[in-house]
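K.L.:
Using the sequences and the hints given, assemble the complete structure.
Protein chains in written order, with my numbering: chain A, 1 to 88; chain B, 1 to 88; chain C, 1 to 149; chain D, 1 to 149.
Note that these hints are calculated values from the structure, not bench results. Note that the coordinates shown come from a computational prediction; the quantities given were computed from them, not determined experimentally. A couple of the hints might just be wrong.
To be verified - On the chain C side, residues computed to face chain D include the following (Cβ under 8 Å):
1) A12
2) R34
3) I84
Stated by the list, open to error - Simulated pairs of lysine to any residue, SDA-like, Cα-Cα distance not exceeding 20 Å:
4) D/K121 with D/A7
5) D/K121 with B/P55
6) D/K60 with B/A67
7) C/K60 with A/L25
8) C/K121 with A/E26
9) C/K60 with A/N63
10) C/K60 with A/L59
11) C/K121 with A/A67
12) C/K121 with A/L25
13) D/K121 with B/L23
14) D/K121 with B/V62
15) C/K121 with A/L59
From the three backbone atoms N, C-alpha and C, an ideal C-beta is built for every residue, glycine too.
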Amino acid sequence: MPSPSTQIVNVRVLLFAGYAERLGLETVRVALPAIATVADALDHVRSLPGGEQIPPKPLCAVNLTHAPLDTRLSEGDEVALLPPLAGG
Amino acid sequence: MPSPSTQIVNVRVLLFAGYAERLGLETVRVALPAIATVADALDHVRSLPGGEQIPPKPLCAVNLTHAPLDTRLSEGDEVALLPPLAGG
Amino acid sequence: MTFLSSAPLDFAALVAQVEAPDRGAVASFLGLVRDHHAGRGVTRLEYSAYAPMAEAECAKIVSEAEVRWPVRVALEHRIGTLEIGDAAVAIATAAAHRDEAFAACRYVIEEVKRRVPIWKKEFYADGTIEWVGAGRALVGDSPAGSSGS
Amino acid sequence: MTFLSSAPLDFAALVAQVEAPDRGAVASFLGLVRDHHAGRGVTRLEYSAYAPMAEAECAKIVSEAEVRWPVRVALEHRIGTLEIGDAAVAIATAAAHRDEAFAACRYVIEEVKRRVPIWKKEFYADGTIEWVGAGRALVGDSPAGSSGS
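P.N.:
Below, the structure written as structure tokens:
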């Protein structure tokens, strides 16, 4: 039986603040092709009900670090879609 | 009897910190010609014992305000010779 | 080190953290909750965070400042419900000389605003509620201005 | 307003003086007595002032800052005997935005050092005593560096 990990990556996408409210979700689990990037995970979330309210190029993070949309994803990665920051 | 104020100005010169220690004095009363400046008051103080240790162009004030050496003096003025400042 | 706090910030303790006999200059910054934002009356705020990433970013920022200048840095950010006048962020930097202390303090507050994943929900006097920044534009790449500072 | 104090400075009270609901940014500066100066161990300091002029200059500096920026400024300078770690000067500036608060805070400390007639006698670990600045050069026009910051 072939390992699915060679074909698919499973990632969690975390939503915060206004993004979480718009989708009514804080976490989305996504299975993506093994060559997927942050942009692919984003596309999936934006296809969900309310997801069109997330901008096409939000601030993103992978595994607690800011990351551009073309960052390649690995199995188990934690992707975060970050609304405009308002700390300080 | 002519008023001395037309011919002479009486001023107090205050010394501080190291300057006061060098002369062993905190106040010097000086009578100067009516056209005198801060520089004239300074010359007098520098002619006193220990006064040569005051630099030729110290920081000066007249009546609580920083003043250049060519500031004209008036009767009753309070002149201050200020060692290098060290506040802050 | 914990940079996020749900309890009121203790500014004096933060300053004390960086003081030392060889550091004569302490610069500091406090960001307080203001009673208005963009012309609207604000009654309170709620700060929330992506906590593990916020902690990691704060640690990076402090470390960057301490590498770049000969300073010691302390930083704390409040989360949860804040009232008007409460401190949202507090920074203290200590150095032998004031140039470094001020430069590091300024660096830390700018980077906190730019990089740390914290969000702010404002409760207005007219009863409305809004996520600051997120509600303004959907091309939301750039960090929003803070009502605090 | 009295800017000179022979009692320990109360930094928290100084910050509280400038806080207000419409001022979200508070910058501050503390100058502390260091344990060394120009490579020599310092055990304590004595600050003295030409008090009426020092008060007048401090008032001018605060007023200048408050005219130049939309800020509120609080300033206090200690005189008398200070031990290592004691605060010699404390400044707090509050504004709606941090740029103004930092700019005003920096202005005030620079001007205090440049213009306020205060002197410092340092007591060294080797038993010697020196007026800082005054002992270095007799062409003494320029303000001396501060051991505090």
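K.L.:
The structure should be examined with respect to each hint, and the outcome stated for every one.
P.N.:
Now the hints, each set against the structure:
no. : hint              : verdict
1   : A12               : holds (6 Å)
2   : R34               : holds (4 Å)
3   : I84               : holds (5 Å)
4   : D/K121 with D/A7  : holds (18 Å)
5   : D/K121 with B/P55 : holds (19 Å)
6   : D/K60 with B/A67  : holds (15 Å)
7   : C/K60 with A/L25  : violated (29 Å)
8   : C/K121 with A/E26 : holds (17 Å)
9   : C/K60 with A/N63  : holds (15 Å)
10  : C/K60 with A/L59  : holds (18 Å)
11  : C/K121 with A/A67 : violated (25 Å)
12  : C/K121 with A/L25 : holds (17 Å)
13  : D/K121 with B/L23 : holds (17 Å)
14  : D/K121 with B/V62 : violated (24 Å)
15  : C/K121 with A/L59 : holds (18 Å)
When each numbered hint is compared with the structure, violations occur for hints 7, 11, 14.
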